[in-house]
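Asker: The residues making up each chain are set out below.
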Amino acid sequence: MTRFLAACLAAFLVSCGGGNPTQNQQNSVPASSGAAAPAAPAVDPAIASTVTGKVTFAGTAPAPAPIKLGADPYCEKANPGLRTENEVVGTDGSVGNVFVYVKDGLGTRTFTAPSAPVVMDQKGCHYTPHVLGIQVGQPLQIVNSDDTLHNVHGLPKANKEFNQGQPIQGMKMTHTFSTKEVMIPFKCDVHGWMNAWIGVLDHPYYAVTSTDGTFSLKGLPPGTYTIEAWHEKLGTQTQTVTVGEKETKDVAFTFKA
Amino acid sequence: MLPLFAALVAASTGVLIFAGGLVTSTGSGLSVPDWPNTYGWFMWTFPLNKMVGGIFYEHLHRLVASTVGFLIVVLAVWLWRAEPRAWVRRLGYLALAAVIAQGILGGITVLWYLPDAVSIAHASLAQIVFCLTTTIALVTSRGWAAGYADPKGPRRSDGGGDPRLQRIAIVTTLVIYTQIVVGATMRHTGAGLAIPDFPLAFGHLVPPQWDAKIAIHFAHRAGAATVAALALATAGHVFYHHRRAELRRPAMLLLVLLALQITLGALTVLSQKQFLVNSLHVVNGALVLVTSLVLTLRAHRARFADAGSAVSFAQRDGNAGSAVVFAERDPAHVQRRGLGA
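From first to last, the protein sequence lines are chains A and B.
Heads up, the first sequence is in my numbering, so the first residue is 1 and it goes up one at a time.
Heads up, the second sequence is in my numbering, so the first residue is 1 and it goes up one at a time.
Worth flagging that the hints you see were computed from the coordinates, not collected in a lab.
Please note that the accuracy of each hint is not assured.
[Unchecked claim] Examples of chain A residues lying across from chain B (beta carbon under 8 Å, computed):
1. L149
2. Q164
3. D189
[To be verified] Below are the DSS-like pairs computed for lysine-lysine, each with C-alpha atoms no more than 27 Å apart in a straight line:
4. A/K246 to A/K103
5. A/K233 to B/K273
6. A/K103 to A/K187
7. A/K256 to A/K103
8. B/K213 to A/K157
9. A/K187 to B/K213
10. B/K213 to A/K160
11. A/K187 to B/K50
12. A/K233 to A/K160
13. A/K160 to A/K187
14. B/K50 to A/K68
15. A/K233 to A/K54
16. A/K54 to A/K180
17. A/K77 to B/K50
18. A/K68 to A/K246
19. A/K103 to A/K160
20. B/K50 to A/K123
21. A/K256 to A/K123
22. A/K77 to A/K54
23. A/K77 to A/K123
24. A/K187 to A/K218
25. B/K213 to A/K233
26. A/K187 to B/K273
27. A/K180 to A/K233
28. A/K77 to A/K187
29. A/K249 to A/K103
30. B/K273 to A/K68
31. A/K68 to A/K103
32. A/K218 to A/K103
33. A/K246 to A/K54
34. A/K187 to A/K68
[As the list claims (entries may be wrong)] Residues from chain B that keep clear of chain A, each with C-beta distances beyond 10 Å, as calculated:
35. S31
36. Y93
37. S124
38. A201
39. D211
40. L260
Model, not experiment: these values are computed from the prediction.
We treat Cβ as the ideally placed atom computed from N, Cα and C, and that holds for glycine.
Same shape as in the complex, but just chain A:
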C-alpha cells in the first residue's frame, strides 16, 4: 500500500511538470540478482544466450481499417490517415505488435526492475507504442503530446485499475505495477479507437515484434524456456527452446486465421 501511495504521489508530481517524452526502454539488459534473492545464481553476461525469431501469419490478413476521427476535430487534423493497429502484417506475412516473452524456465531467479521509465505516448490520437513490456516496479511514464484531452484508463485484473485525465498537452504521469500480468489493456474513453497493451513481467526477457515480425531476447542464462507469443487478435502460441552457453537459437511462430 505504501509503495502504491508513493507511486500515486510520484504520478501526481510528474503530471504537474513539463518536458519532452523520453525514449522507450524496451529489452532492458537483465539486472543482477538482488541481495534478497534466493539460491539461484545471477546471470553471467559471459555465458548469456539469445533467442531470436520471427512471427508470421499464414493466410490472407485483413488490411488495417481506417478509423473515423470525426469525434475530435483535433485528431482528424493531426492524424487523418490513422488506421487500426491490431493487424500489423507485412507483405511477407510478418506480424508486428506481438509480445514475445519467457513464460517459464527462469526458476527462482529474481531481477531488479530498472529505474529508467518505459514511455507510452499519446500522439496523433493513438498510443505509441501500441504494445509494450515493462517490469514489475519499473515506472511507466505516460505522456500526452496531443493538444487535446485524453484519459488514461488501465484495466488490469491482477493489478489495480486506474483512470486519470490528461487534459493539457505535455502532461505526464507515472505508474508502476505491483504484480506480473500479461496483458493489461489500456484505453482512452474519450477517443474510443485508442487502445494499447502492456505486458508486465518480473524479469526482463520480453520483446515486441517490429513490423518485419522479428524479435530478440538477449542475455538469457543457459537453460530450457517456454517462449510465448501473444497477439491481441491472433491469440497466443508457445514453444520450448533450450539454449546453451553463448548460444543463439531461432524460433518461429506462425499464426493462422
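Based on the hints, put chain B in the right spot on chain A.
Answerer: Just chain B now, with coordinates in the frame of chain A:
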C-alpha cells in the same frame, strides 16, 4: 404555473435518461475520470470546445443532470410552499432525495470505474426519479383536478370502481419496471449481444447454450413478451370497458410505445448496438413505464379524491377563500403557510 413547471421537470427527467443512455451506449462513462469536477474544471466552467469524443456525452449528461437536479429542488420548494396536499408535498421531498441519491450514485460509479451493481442501481433509480416527477406532474395537473370536480363523480368518470383495471394496471407497471431493471443489468454487464440474432436465439426459440450473459439477455426477451401480454390485457380492458379519454389515451399510447420499444430492441441487436438506436431503446422504455404509471394512477384516482382536494386546487391557484374548507382537513399546514381565510 405549478402544473406547467411540474410537467417541464418530468419532461426534463426523460431527457436526462436519454442523455444517460447515450453515455452508456457510446462507452463514454469513464471519459471524464474525475467527479464532481471535469478534468479539474468546475463543471459549469468546463470549456465547450473541449467537449470532444466521449467527453461530449459524459459531460453533457452531467450538465443535464445538474439542471434537472436544480429543477427538482425548485419543484420541491414550490410544492412545500404552495401545495396543500401533504402527500404531494412528500412526493416532492422524495423526488429531491431520490435525485440527490442518483447524483451520488453517478459520481460513485465513475470514481469506482463503473462497477456493475452501482451502474445498475444508477439506471434503476433514474426510472424511480422519472416516475416521481411524472406522478407529481400528473397529480398537480388541471386534468387531475377537473376529475375531482366532475359532478357525476369519480366512479363514473375514471374507473374508480373498476378493481380489475386497478389490479392489472399495477401489475403491468411493476412488471415494466422489473423489465427495465433486467435491461439495465443486461446493458451494464455487457450482455446486450449475448444472443446475436433476433427474433430467434442462436436459430432456436430457446438458446441451445447457456451462460450468465445469455441468461440475462434471454430473461430480457422473455420479459418483453410478458410486458407485451400485460400491456395488451390492460389496454384491451380499457378499450372494452371504458370510454373516458383520460384512460383510453394512455392505453393507446402504451401500445404505440410498446410496439416502438420492441422494434428498437430488435434493431439494437441487429445493428450491433448502434448507439443512437440503443439510447432510444433506453428512453422509450422509460416512456413505456411512465405511460403505464399514468394509466395506473388515473385508474386509482378515486382513492386520492377527498373533499379537501378540490378546494386545495382552488386555494393553490389563488382562490384563498376556499382554503377554509381545506383547513378542516389540514389546519396545521394552512396555518403554517398563512393561507387561512
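Asker: Identify every previously stated hint that the structure contradicts and give their numbers, smallest first.
Answerer: Those not satisfied are hints 18, 21, 22, 24, 31, 35.
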